[in-house]
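Undergrad: Sequence:
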Amino acid sequence: MTQQIKRLEETVGYALVVRGPQPVALTDRGAQFMLHAREALDASRRALGTDGPPRLRIGFISGFPRSLDEEFLVRFRAAQPDTQLEFVQLGWGEQASRLLAGDIDAVLARRPFDHEDELDTVVVHREARIVALAAGSPLADRATLRLADIAQLPVLRASATSAEWNDYWSVDPRPDGTPVTYGGWAHTMEEALTAVAVSGNIIITAESIGVRFTHPGVRYVPVTDAPRCAVELCTRRIDRRPLIRALRDAAASVAAPGAAE
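The numbering used here puts the first residue of the sequence shown at 1, with every later residue one more than the last.
Each hint should be verified, as a subset may be incorrect.
As the list claims (entries may be wrong) - Pairwise CB distance ranges (calculated): (1) Gly184 - Asp114: 23 to 33 Å; (2) Pro54 - Leu8: 24 to 34 Å; (3) Pro54 - Asp114: 26 to 36 Å; (4) Arg245 - Glu191: 31 to 41 Å.
Honestly, the hints are just simulated from the structure, not real lab data. As the structure is a prediction and not an experimental result, all values here were calculated from the model. A virtual CB, placed ideally from N, CA and C, is assigned to each residue, including glycine.
The whole structure should be built from the sequences, with the hints applied where relevant.
TA: In structure tokens, the structure reads:
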């Protein structure tokens with residue numbers, strides 16, 4: 001495979017992949033080449049009558065799709081009945097990288113994500129934040145909490161993500177300047193909830209996560225002064241396929257008033 005890529009690079013006259021200690025990734029021109037190559041291959045299959053139905057692969061992280069996300073996808077399918085939709089669950093730190101690598105065609109993402117200048121985004125909806133606490137915590141039965149109420153509790157961090165991701169979801173820095181105390185690490189939401197239930201850590205997350213993920217040892221409480229968070233449909237800026245345009249239009253059609261603010 002390596003030799004085939006090298007021969008292809010010699011043919012086109014520029015590097016297609018970035019080589020180094022990290023997993024192989026496409027260069028900017030490589031991403032453009034792959035997109036156009038895919039379009040050309042699809043066109044040749046249609047001309048020969050050997051193409052299958054159009055297909056889009058949509059990535060998502062913990063808690064998706066849900067209500068509004070599903071609504072725009074239902075609208076898209078109604079308008080594009082021959083298109084097959086495949087869903088790919090991603091790790092928290094894979095939202096932009098898998099999209100830009102061409103593994104998926106779009107992603108329902110949460111900020112912060114890398115390479116924003118290479119993405120087109122549509123805010124589908126915004127939602128409040130909640131805190132996950134151990135069921136036995138004195139705060140677990142409160143109707144609402146403020147960030148000051150949980151300031152001394154250790155916040156669980158997400159593995160394989162950026163510092164910006166953990167800062168954003170921990171609300172670090174806090175509005176009053178209180179330093180955030182950090183606890184352990186988790187790779188998945190299931191790991192995080194187990195840590196919350198048994199180790200006294202907390203997580204600050206999105207309201208919809210509390211609906212999607214339940215645990216007998218965990219209680220969710222709204223945090224009234226934490227900034228709201230958003231779900232955004234992200235696509236590659238260089239991807240101008242009609243199907244992608246239709247997907248973006250469907251997302252914009254269900255966005256709640258003020259969602260893009």
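Undergrad: Are the hints correct? Go through all of them and say.
TA: Going through the hints against the structure:
no.: 1; hint: Gly184 - Asp114: 23 to 33 Å; verdict: 24 Å, holds
no.: 2; hint: Pro54 - Leu8: 24 to 34 Å; verdict: 26 Å, holds
no.: 3; hint: Pro54 - Asp114: 26 to 36 Å; verdict: 28 Å, holds
no.: 4; hint: Arg245 - Glu191: 31 to 41 Å; verdict: 38 Å, holds
When the structure is compared with the earlier hints, no violation turns up for any of them.
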